[in-house]
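Colleague: Each residue of the sequence shown is one higher than the last, beginning at 1 in UniProt numbering.
It is worth saying that the hints were derived from the structure and are not from the lab.
Remember, it's a predicted structure, so these values are computed and weren't measured experimentally.
You may find that some hints are simply not true.
Straight-line alpha carbon distances no greater than 30 Å define the calculated DSSO-like cross-link-like pairs of lysine-lysine that follow [unchecked claim]:
#1 K169 <-> K95
#2 K169 <-> K148
#3 K242 <-> K148
#4 K146 <-> K92
#5 K148 <-> K65
#6 K76 <-> K146
#7 K216 <-> K169
#8 K146 <-> K118
#9 K76 <-> K118
#10 K95 <-> K65
#11 K95 <-> K118
#12 K242 <-> K118
#13 K146 <-> K95
Computed Cβ-Cβ distance ranges for the label pairs, DEER-style [unchecked claim]:
#14 S94 <-> N178: 33 to 39 Å
#15 V88 <-> N178: 48 to 54 Å
#16 E140 <-> Q196: 24 to 30 Å
#17 L85 <-> P241: 45 to 51 Å
#18 E179 <-> P241: 22 to 28 Å
#19 K118 <-> S203: 38 to 44 Å
#20 Q196 <-> V136: 41 to 47 Å
All residues carry an ideal CB built from backbone N, CA and C; glycine is no exception.
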Amino acid sequence: MWAVFLLLLLPPVASVPSPSRPTPRYCRRCCDHLDPPLSPASQPAANPTPEIHTFINMTILKGDKGERGDRGTPGKAGVDGPLGLRGVTGPKGSKGDTGAPGDPCKIQQSSFSVGRRKALHSADHYQALIFDTVFVNLGEHFNMFKGKFYCFVPGVYFFNVNIHTWNFKETYLHLMHNERPQVILYTQPSDRSIMQSQSVMLSLELNDEVWVRLYKRQRDNAIYSDDVDVYITFNGHLVAPKV
Numbered sequence: 001m002w003a004v005f006l007l008l009l010l011p012p013v014a015s016v017p018s019p020s021r022p023t024p025r026y027c028r029r030c031c032d033h034l035d036p037p038l039s040p041a042s043q044p045a046a047n048p049t050p051e052i053h054t055f056i057n058m059t060i061l062k063g064d065k066g067e068r069g070d071r072g073t074p075g076k077a078g079v080d081g082p083l084g085l086r087g088v089t090g091p092k093g094s095k096g097d098t099g100a101p102g103d104p105c106k107i108q109q110s111s112f113s114v115g116r117r118k119a120l121h122s123a124d125h126y127q128a129l130i131f132d133t134v135f136v137n138l139g140e141h142f143n144m145f146k147g148k149f150y151c152f153v154p155g156v157y158f159f160n161v162n163i164h165t166w167n168f169k170e171t172y173l174h175l176m177h178n179e180r181p182q183v184i185l186y187t188q189p190s191d192r193s194i195m196q197s198q199s200v201m202l203s204l205e206l207n208d209e210v211w212v213r214l215y216k217r218q219r220d221n222a223i224y225s226d227d228v229d230v231y232i233t234f235n236g237h238l239v240a241p242k243v
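Between the sequences and the hints, there should be enough to build the whole structure, so can you do that?
Modeller: Below is the structure:
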């Protein structure tokens, strides 16, 4: 029993330090920390736990389309670009219609002289004298088909009519300005045929007409001519353009 009592008084074997593993002692300096160095097992891990940051994708949070804003101020005009290359020549177009007369202020000449080689008996009470021979017709202002001069240059004009009467027949003509008789050329029936002349100056406006009209009454109204000589002439020219 005493042996058992002695065994209980002895410390356990595990608590007695082994002579082969002495208790570690650490050398400290005055500048060292008071705490002993941590063992490798107690040191923090090399890769710390990453922090989590929240990120919101704003493109997902798309709102409704807003109203259209006011138009901004126009910017400055840009610099002109370089001249492009010449294009390909297109096909030739069709011939156009005859244009209207040009500005009369740019035309300072107008004159005509026409004649008739055929005799004429008036068939109606009023009949325009038509001419078949052209001596001068600047700018084609005298219309040979209608026997009328058309004014393209407003101003003062001089006109002259020459005819040859017919034996025993009356000759009765008017020099007309538009539809108004201006001067008359008249001869009574006679056994002699003679040359007659009439002249006048008229002030014309643009598109006025001047022509010779035969007037038939009870007697035959006739003028003489033949195919060889010209007995009948009608002349006119611009004296002074309108200012």
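Colleague: Do the Cβ positions of E179 and P241 conform to the proposed distance bound of 22 to 28 Å?
Modeller: Check passed, 24 Å falls within 22 to 28 Å.
Colleague: Does K76 pair with K118 here, judged by a C-alpha cut-off of 30 Å?
Modeller: Violated: K76 and K118 sit about 77 Å apart, past 30 Å.
Colleague: Between S94 and N178, does the C-beta distance stay in 33 to 39 Å?
Modeller: Holds, at about 37 Å.
Colleague: With a cut-off of 30 Å on the C-alpha distance, tell me whether K146 and K92 pass.
Modeller: violated, 35 Å
Colleague: Is it true that L85 and P241 lie within 45 to 51 Å of each other by Cβ?
Modeller: holds, 49 Å
Colleague: For the pair we were handed, K146 and K118, check the Cα-Cα distance against 30 Å.
Modeller: Holds, at about 16 Å.
Colleague: Look at the Cβ atoms of E140 and Q196 and judge whether their distance stays inside 24 to 30 Å.
Modeller: holds, 28 Å
Colleague: Holds or violated: K76 with K146, Cα cutoff 30 Å?
Modeller: violated, 63 Å
Colleague: Determine whether the Cβ-Cβ distance between V88 and N178 falls within the hinted range of 48 to 54 Å.
Modeller: holds, 53 Å
Colleague: Does the structure keep K146 and K95 at a Cα separation of 30 Å or less?
Modeller: Cα-Cα ~26 Å, so holds.
Colleague: Evaluate the given range 41 to 47 Å for the C-beta pair formed by Q196 and V136.
Modeller: violated, 22 Å
Colleague: Measure nothing beyond the straight line between the CA atoms of K216 and K169; if it is 30 Å or shorter, mark the hint as holding.
Modeller: Holds: K216 and K169 sit about 11 Å apart, inside 30 Å.
The structure is inconsistent with the numbered hints 1, 4, 5, 6, 9, 10, 11, 12, 19, 20, although it conforms to all the rest.
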